[in-house]
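K.L.:
Sequence:
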Amino acid sequence: MALFFCRYLSTKLLARLFFPSAGKARTRLAKLAKKGYIINRTMYIVQPKSWDERVSPQGVWHLTKAGFESVAETLGVEETYATRPLLPERARHYVRAAEVYAATRDHLDAQLGPYPEWEWRHEKRVFYAGEYENAPYLHKPDAHIIFRGHTFILERQTAESKIGPKKIYEKVADHKRYVELRLKAPAEVLFAFDEDDSPVIGQAERAGEQYGIRVVGGDVAHIADYLENSAARLS
1 MALFFCRYLS TKLLARLFFP SAGKARTRLA KLAKKGYIIN RTMYIVQPKS WDERVSPQGV
61 WHLTKAGFES VAETLGVEET YATRPLLPER ARHYVRAAEV YAATRDHLDA QLGPYPEWEW
121 RHEKRVFYAG EYENAPYLHK PDAHIIFRGH TFILERQTAE SKIGPKKIYE KVADHKRYVE
181 LRLKAPAEVL FAFDEDDSPV IGQAERAGEQ YGIRVVGGDV AHIADYLENS AARLS
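Numbering-wise (our numbering), the sequence shown opens with residue 1 and increments by one.
Derived from the structure by calculation, the hints contain no laboratory data.
From a predicted model like this one, the values you see are computed outputs, not experimental measurements.
Hints are not guaranteed to be accurate.
[Stated by the list, open to error] The list that follows gives simulated cross-link-like pairs (lysine-lysine, DSSO-like), each with its CA atoms no further than 30 Å apart:
| no. | residue 1 | residue 2 |
| --- | --- | --- |
| 1 | K35 | K124 |
| 2 | K166 | K176 |
| 3 | K124 | K34 |
| 4 | K140 | K167 |
| 5 | K184 | K167 |
| 6 | K140 | K124 |
| 7 | K184 | K166 |
| 8 | K24 | K12 |
| 9 | K140 | K65 |
| 10 | K184 | K124 |
| 11 | K162 | K176 |
| 12 | K124 | K176 |
| 13 | K176 | K140 |
| 14 | K34 | K24 |
| 15 | K35 | K24 |
| 16 | K35 | K65 |
| 17 | K12 | K140 |
| 18 | K184 | K140 |
| 19 | K34 | K65 |
| 20 | K65 | K124 |
| 21 | K166 | K140 |
| 22 | K65 | K31 |
| 23 | K124 | K162 |
| 24 | K31 | K12 |
| 25 | K12 | K176 |
| 26 | K124 | K167 |
[Claimed, not checked] Beta-carbon label-pair distances, calculated as ranges:
| no. | residue 1 | residue 2 | range |
| --- | --- | --- | --- |
| 27 | L181 | K24 | 40 to 50 Å |
| 28 | A135 | P85 | 26 to 36 Å |
| 29 | K35 | D196 | 38 to 48 Å |
| 30 | T80 | D197 | 38 to 48 Å |
| 31 | R26 | E209 | 38 to 48 Å |
C-beta atoms are modelled at their ideal positions from N, C-alpha and C, and glycine is treated no differently.
Whole structure, please, built from the sequences with the hints as guidance.
P.N.:
Quick look at the structure:
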């Protein structure tokens, strides 16, 4: 079910979510793969920039068609399975976004209850292409976290993203437009960076002030804490 929500998860994240150790995770995942529910590829989660930074690649898992259809039937969701796997660069970004899911899932389950009390919708599920004043615009965040009628629009900004202030302002403007024209419900924008002292955090929050939408920035742990506190507040 976690793979259904997140689309791609690493062995490390799955171990954190469900197993007492990485060894137990690998054993159980191998059994599920043998049954034909899941499949994995090996890739770098953080792309090394030099030989000195090179670490071991990790297993990254996604559902097979049989696994996907089994979960969709259990949840009562009608959705078509994506037969073509994403290239490593895109799959890796799903995993990095899912770091927020792994950090906050247990807390939100405890505060709100499991799905459908709260929902994680990955990038493909929340993508929207629209038009405003005869000009096209895209809503393409990394995920939506939804509970109590409130939507948190997640942007996972890794070091590889190399995003600057101009792009930050563009993203916030696009999200504000989407909220006003399409979502029409309470929403906030969350920027999850690799470090809690990223200089771009202030730029993101100022962009929110300029466009009239709440923006919160910080590292993954900070964003997970904010979601937990928001669940308590909105409950």
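K.L.:
Each of the hints needs a verdict: does it hold here or not?
P.N.:
Taking the hints in turn, this is what the structure says about them:
| no. | hint | result |
| --- | --- | --- |
| 1 | K35 <-> K124 | 26 Å, holds |
| 2 | K166 <-> K176 | 16 Å, holds |
| 3 | K124 <-> K34 | 27 Å, holds |
| 4 | K140 <-> K167 | 13 Å, holds |
| 5 | K184 <-> K167 | 24 Å, holds |
| 6 | K140 <-> K124 | 8 Å, holds |
| 7 | K184 <-> K166 | 26 Å, holds |
| 8 | K24 <-> K12 | 11 Å, holds |
| 9 | K140 <-> K65 | 25 Å, holds |
| 10 | K184 <-> K124 | 20 Å, holds |
| 11 | K162 <-> K176 | 22 Å, holds |
| 12 | K124 <-> K176 | 19 Å, holds |
| 13 | K176 <-> K140 | 12 Å, holds |
| 14 | K34 <-> K24 | 16 Å, holds |
| 15 | K35 <-> K24 | 17 Å, holds |
| 16 | K35 <-> K65 | 12 Å, holds |
| 17 | K12 <-> K140 | 26 Å, holds |
| 18 | K184 <-> K140 | 17 Å, holds |
| 19 | K34 <-> K65 | 14 Å, holds |
| 20 | K65 <-> K124 | 17 Å, holds |
| 21 | K166 <-> K140 | 17 Å, holds |
| 22 | K65 <-> K31 | 17 Å, holds |
| 23 | K124 <-> K162 | 22 Å, holds |
| 24 | K31 <-> K12 | 17 Å, holds |
| 25 | K12 <-> K176 | 34 Å, violated |
| 26 | K124 <-> K167 | 21 Å, holds |
| 27 | L181 <-> K24: 40 to 50 Å | 47 Å, holds |
| 28 | A135 <-> P85: 26 to 36 Å | 33 Å, holds |
| 29 | K35 <-> D196: 38 to 48 Å | 41 Å, holds |
| 30 | T80 <-> D197: 38 to 48 Å | 42 Å, holds |
| 31 | R26 <-> E209: 38 to 48 Å | 46 Å, holds |
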